[in-house]
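Trainee: Sequence:
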Amino acid sequence: MKKNNTNSTHSEASGDQFCNLSIARDEQLFVSEPTTVPPVTTTKSPEPPTPVEGSWNVTEGNLTCIRADLKVRFRIPVKDHVEYIVLSPNATSSGSCKSSNTTQELQLEESEYTLTMIFEKDSKNAYMKNVTFTYTLPDSSGFSYNDAKLFTVKVGNSYKCDSSNSINLKNVTMEVFRIHIQFFGSVEKKDFGTAEECEADNKGYDMVPPAVGIVLLILMVVVLVAYFFERRRSRQNAYRSV
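The opening position of the sequence shown corresponds to residue 1 in full-length UniProt numbering, with each subsequent residue numbered one higher.
Heads up, a few of these hints could be off.
Label pairs and their computed distance ranges (CB to CB) [claimed, not checked]:
1) 130 / 50: 24 to 34 angstroms
2) 178 / 59: 16 to 26 angstroms
3) 90 / 124: 32 to 42 angstroms
4) 46 / 103: 38 to 48 angstroms
5) 55 / 111: 44 to 54 angstroms
6) 98 / 124: 16 to 26 angstroms
7) 226 / 50: 47 to 57 angstroms
8) 75 / 187: 36 to 46 angstroms
9) 194 / 63: 36 to 46 angstroms
10) 98 / 164: 32 to 42 angstroms
11) 142 / 63: 33 to 43 angstroms
12) 197 / 55: 17 to 27 angstroms
13) 152 / 220: 34 to 44 angstroms
14) 220 / 102: 35 to 45 angstroms
Bear in mind the hints are in silico, worked out from the structure with no lab data behind them.
Computed from a predicted model, the values in this text were never measured in an experiment.
We put the CB at the ideal spot given by N, CA and C, even for glycine.
Input sequences plus hints: build the corresponding full structure.
Mentor: In structure tokens, the structure reads:
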């Protein structure tokens, strides 16, 4: 009987060892190695090109009817990205001083774009009536325009703006970084006429009068307080002497 018990015990031990080995092997099979998460990389969009200011004019005989200093860039959405075209200072200029008695034209062009500006005047004011922009890119081409009155000045004056502003040309944005322009110039004028500055440039000057007024008001209050204080002290000294 002891012998049988010994064999039974040995068999049970062997069975337990077998089970343990099987479990260990199974655990090894299901142990997963740590996974390495690749770093997230972001692609930085390239900086848009910076425009360079150019100067153009339209002259017929001894009359320079249009003068233009422009620093302009065009922002063009194309599918899933944005393209830019800068107005080159080497763009070819053409135009007309005598399209009619009340209309003049300036056109600037290169191989990939044409910018056309139409100017009109009435009895008092001159302004840009229409601006059109035609472009051709590898992935896109188009025609855009704006026919709102822009750059309104008195006839004989020029329009100037050193502050950046944008003009919506439907699907294209005309970004104007600086502009000094005159249309309907006269034979007598050999340069830009009196500049009428844009509202953005005048904001700093508009703040000067209120600031000066506030300073003067504070000075007046200080002087009045000092005057009444000194007067009161003089009275007190007079009463004491009596």
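Trainee: Could you run down the list of hints and mark each one as holding or not?
Mentor: Status of the hints after comparison with the structure:
1. 130 / 50: 24 to 34 angstroms: 27 angstroms, holds
2. 178 / 59: 16 to 26 angstroms: 22 angstroms, holds
3. 90 / 124: 32 to 42 angstroms: Holds: the Cβ-Cβ distance is about 36 angstroms, inside 32 to 42 angstroms.
4. 46 / 103: 38 to 48 angstroms: At 40 angstroms between Cβs, range holds.
5. 55 / 111: 44 to 54 angstroms: 21 angstroms, violated
6. 98 / 124: 16 to 26 angstroms: Holds: the Cβ-Cβ distance is about 21 angstroms, inside 16 to 26 angstroms.
7. 226 / 50: 47 to 57 angstroms: Cβ of residue 226 to Cβ of residue 50: about 55 angstroms, so the range 47 to 57 angstroms holds.
8. 75 / 187: 36 to 46 angstroms: Distance hint for residue 75, residue 187 holds at roughly 39 angstroms.
9. 194 / 63: 36 to 46 angstroms: 19 angstroms, violated
10. 98 / 164: 32 to 42 angstroms: 34 angstroms, holds
11. 142 / 63: 33 to 43 angstroms: Cβ of residue 142 to Cβ of residue 63: about 35 angstroms, so the range 33 to 43 angstroms holds.
12. 197 / 55: 17 to 27 angstroms: At 19 angstroms between Cβs, range holds.
13. 152 / 220: 34 to 44 angstroms: Roughly 40 angstroms apart at Cβ, these two residues keep to the hinted range, so it holds.
14. 220 / 102: 35 to 45 angstroms: 53 angstroms, violated
The earlier numbered hints that this structure contradicts are 5, 9 and 14.
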